[in-house]
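My request is simple: use the sequences and hints to build the entire structure.
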Amino acid sequence: MQDKIHTSYKQLEQRSKYTNMFLRWFLYLVLILFALYFIFPLYVMIVTSLKTMEEIRQGTLLTWPSGLNFDSWAVAWGGRGYGAGDTFLKPYFWNSIKMVVPAVFFSTFIGAMTGYVLTKWRFKGDQWVFLFLLFGCFIPFQAILLPMARTLGVLGISNSVIGLVLVHTVYGIPFTTLFFRNYYISVPTELVKAARIDGAGFFKIFFKILLPISAPIIVVTVIWQFTQIWNDFLFGSTFSFGEAAPIQVALNNMVLSSTSVKEYNVDMASAIIAGVPTLIVYVLAGKYFIRGLTSGAVKG
Amino acid sequence: MKTLKIDELSKNFGTTEVLRKINLEIDEGNFLVLLGPSGCGKSTLLNIIAGLETINEGNVYIDDYNVSKVEPKDRNIAMVFQSYALYPSMNVRENMIFGLKQAKVSKEKIEEQLLKVSKFLQVDALLERKPSQLSGGQRQRVAIGRALVREPRIFLFDEPLSNLDAKLRVEMRREIKKLHQQLKTTVVYVTHDQTEAMSLGTNIAIMNHGVIQQNDTPENIYNKPSNTFVADFIGSPSMNLIKGNLKQSSNQISFVANGSNFEIPINGYDFKEKSNLENKEVYFGIRPEHIFSKKSNEGDFEINLRADLSEYIGHEQIMTFDYENQEVLAKFPSTIKIELSKNTKLYFDLTQISLFDAKTEERI
Amino acid sequence: MFKWLEKNLPKIVMAPAVGLIGWFVYGFVLWTLYISFTNSKILPKYELWGVGQYVKLWGSRKWLIAVDNLLIFTALFLIFCVVIGIILAIFLDQKIRAEGVLRTIYLYPMALSFIVTGTAWKWILNPTLGIQKMFIDWGFENFTFDWLVNREMAIYTIVIAGVWQSAGFVMALFLAGLRSVEDEIVKAAKIDGANLFTVYWKILLPMMRPVFFTSFVILVHISIKSYDLIVALTQGGPGISTTMPALYMTQTAFHKSQVGLSAASAMMMFMAVAAVIIPYLYSELRRENAR
Chain A
1393 MQDKIHTSYK QLEQRSKYTN MFLRWFLYLV LILFALYFIF PLYVMIVTSL
1443 KTMEEIRQGT LLTWPSGLNF DSWAVAWGGR GYGAGDTFLK PYFWNSIKMV
1493 VPAVFFSTFI GAMTGYVLTK WRFKGDQWVF LFLLFGCFIP FQAILLPMAR
1543 TLGVLGISNS VIGLVLVHTV YGIPFTTLFF RNYYISVPTE LVKAARIDGA
1593 GFFKIFFKIL LPISAPIIVV TVIWQFTQIW NDFLFGSTFS FGEAAPIQVA
1643 LNNMVLSSTS VKEYNVDMAS AIIAGVPTLI VYVLAGKYFI RGLTSGAVKG
Chain B
426 MKTLKIDELS KNFGTTEVLR KINLEIDEGN FLVLLGPSGC GKSTLLNIIA
476 GLETINEGNV YIDDYNVSKV EPKDRNIAMV FQSYALYPSM NVRENMIFGL
526 KQAKVSKEKI EEQLLKVSKF LQVDALLERK PSQLSGGQRQ RVAIGRALVR
576 EPRIFLFDEP LSNLDAKLRV EMRREIKKLH QQLKTTVVYV THDQTEAMSL
626 GTNIAIMNHG VIQQNDTPEN IYNKPSNTFV ADFIGSPSMN LIKGNLKQSS
676 NQISFVANGS NFEIPINGYD FKEKSNLENK EVYFGIRPEH IFSKKSNEGD
726 FEINLRADLS EYIGHEQIMT FDYENQEVLA KFPSTIKIEL SKNTKLYFDL
776 TQISLFDAKT EERI
Chain C
53 MFKWLEKNLP KIVMAPAVGL IGWFVYGFVL WTLYISFTNS KILPKYELWG
103 VGQYVKLWGS RKWLIAVDNL LIFTALFLIF CVVIGIILAI FLDQKIRAEG
153 VLRTIYLYPM ALSFIVTGTA WKWILNPTLG IQKMFIDWGF ENFTFDWLVN
203 REMAIYTIVI AGVWQSAGFV MALFLAGLRS VEDEIVKAAK IDGANLFTVY
253 WKILLPMMRP VFFTSFVILV HISIKSYDLI VALTQGGPGI STTMPALYMT
303 QTAFHKSQVG LSAASAMMMF MAVAAVIIPY LYSELRRENA R
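In order, the protein sequences belong to chains A, B and C.
Just so we're aligned: the first sequence equals residues 1393 to 1692 in my numbering.
Just so we're aligned: the second sequence equals residues 426 to 789 in my numbering.
Just so we're aligned: the third sequence equals residues 53 to 343 in my numbering.
Hints are computed from structural coordinates only; laboratory data are not their basis.
Here are the computed distance ranges between Cβ atoms for each label pair:
id, chain 1, residue 1, chain 2, residue 2, range
1, B, Ser-560, A, Phe-1595, 45 to 55 Å
2, A, Arg-1514, C, Glu-336, 14 to 24 Å
3, A, Asn-1461, C, Asp-198, 25 to 35 Å
4, C, Glu-336, B, Asn-588, 26 to 36 Å
Here the structure is a predicted model, which means the values were calculated and not measured.
Ideal Cβ positions, reconstructed from N, Cα and C, are used throughout, including at glycine.
Shown next, in the form of structure tokens:
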């Protein structure tokens, strides 16, 4: 009897060992297959951008380029040097920078202030005000495109970087408010009470007490706003064209221009150039990026 | 045959040593409490017994079989967790029978067990409720019920009462005690609460820094702590440890506190070893409840100390006295009036003292 | 005066944000709503015309195709994103080596714009030099993969690219959800004898109901608004076979200059989003208040 139990324990040990080993292998296999699926387009983009058109026609998507040939990158960035019809990304890249920096700054600052008021200077109905702002996260922008186009026209800033800064600032406020409000709500209100007893006023408390401990949420917000605005296409393509367009619009125009033979290597180089800033941010500050995503991704 | 035996068990997480050479045995039907401050390794030890943690060295035996590498479900144990760990998406019934269903027990048998246990624990009216609809005490019962239906060889409890409020905790403590009296199943119970440990355990193993300091009956733990850690940990307020030296002359052994000439005779003390006592540095340990304001036994020793502080806590008061710049606490009934800043006559019950080597901090 | 200012300072600071959102969100939506009831063509007209634009909209073949596409896309996009996201999250939850690297790989597409994604997939899926050629060169001579230029199949290329971009995000949501479950629940299940599959299927996934809900809302939201990806990948083509409401709206407004009609389509989108978002917001607020 005792021996019997003993052997059954032995068997149990063995069995669990084998099933565990099999499971582990299966696990890693699936994870790696998916990783390949996700990495595949990036790989294709990079190798294609380094090939000549001749190589592209002869090889397949996966073929390794014959050498590090950055010609198509140069063309994508700076053009071929002939005048009309030569679209290249450099000026639009700077357009995007000029658009992103002020828009991120203003929307983040406004969001911080509103988040501060909504949590630390609560007033009657403040929850409704928050809901009022929050709803702006969700509206499909198609519902405001027409009046926005007219408003920009009336203000005389349609088809300009300034117009886009305004648009992105305004429609960023709901998100930045959401981020800061949710962050400040976890900061103990006693801190503010203590400061008030010590005689600090509204702005002093914000700049001396809350702002210094806001670094994480500022990073999250700035990354979120930067990614959103840099990657925006709808506003860019609707409210600007030609000279004032941001980079995503320019990229799309370049790829779609059917004037000459398709140059996939240049297309891919352009796509990488347009994607690199946000990718760098993602790699450097992935943690904050994900935090922004999970709390503000309703925007899509 | 020992129901549970732990043999030379060691465990580390990376470079931190959590358990060091633990040896422990429990007889059938005993109630062993693992007691210690947080971080002492008691929960890790319990998880190892359950099979939820791996072992670095040593072995665990249940009924003389080495189960060190056996899956938790095959160890014939059940566990009650601090957070109750009820499955939130299942109702009480499903929670309680989940383990039996996994073990492919027949439907009739499951129903029978469920009925028996839920009646026994008085949760039979709650079977269709979700855990979120239960009060703390009810959740606790269901968690115990989930363990009971499996009729395990050993019950493991991991701080099961620490999420309850004070009143409920006392109630549930009694229930667990009753439960053990009725079922007589072997129990291993982890807690940091000494009252719980004292009232529940047939044996208490006090742990600190991954080492068992003393494994004994509650009475011995209280009366004969094996080192200063145990002496200090058990009792509230904890034992007074007065630093001083021993003096030995012909037939007389006495204790002299630092900075004092006053000799306290300790002839009656049951030394482990009676040699090398002269001038030994020791702690003289006496519990606050063994200091009296009136002479109650012939052997009580009279001493004069200055009262410094009085803390009134209802049925009793805790007084702080000064003994040559060492604090001595005593517990009196609150009816006794003692004037502060004045010397007061006190009586030490010398039959209840403990002596510890000041260097090794072990009992002598 | 100064006292009043000091007392109301917080509200004054709030005012610009509230004013901007009030004007640019609520005002503009109302304006669009109003215009959708007028017969506006290239310029807005302000006399009411009734529900004519909505009648016209639902009589339009292109709009019906757009709605049809939206339903197909949303269903597939949801299913694939959630299934892949959950599988990846559960597998990554098994104390995997190099978890950080894998997570980074699964999630990086989320940092790219839909235009970049569309451009890349357009190149990969193009029938002459893309995947089709790759397989033919590998020896599968009859391999055809022409979804991108096939009227019937083109919509699925948008699903492929969309899932590629968003599945990692669902993974992140579920991984965070799984990690927030108390350790003791899993321990209890192990002692109860549940194997890994049962632990997830019977205990952990049912606990993820809020995460399912959030993913659902976010993904539906993305799909209703999807515009950039289609522009970059198919421009709504071949023909109008991959048109979706967002694309329909901008084309009608800015290329066909039918402002009234496009306003009506925008309002339909608005209502679709509201139908998903309002219950979500309601339950979120209730959860927050319950805490």
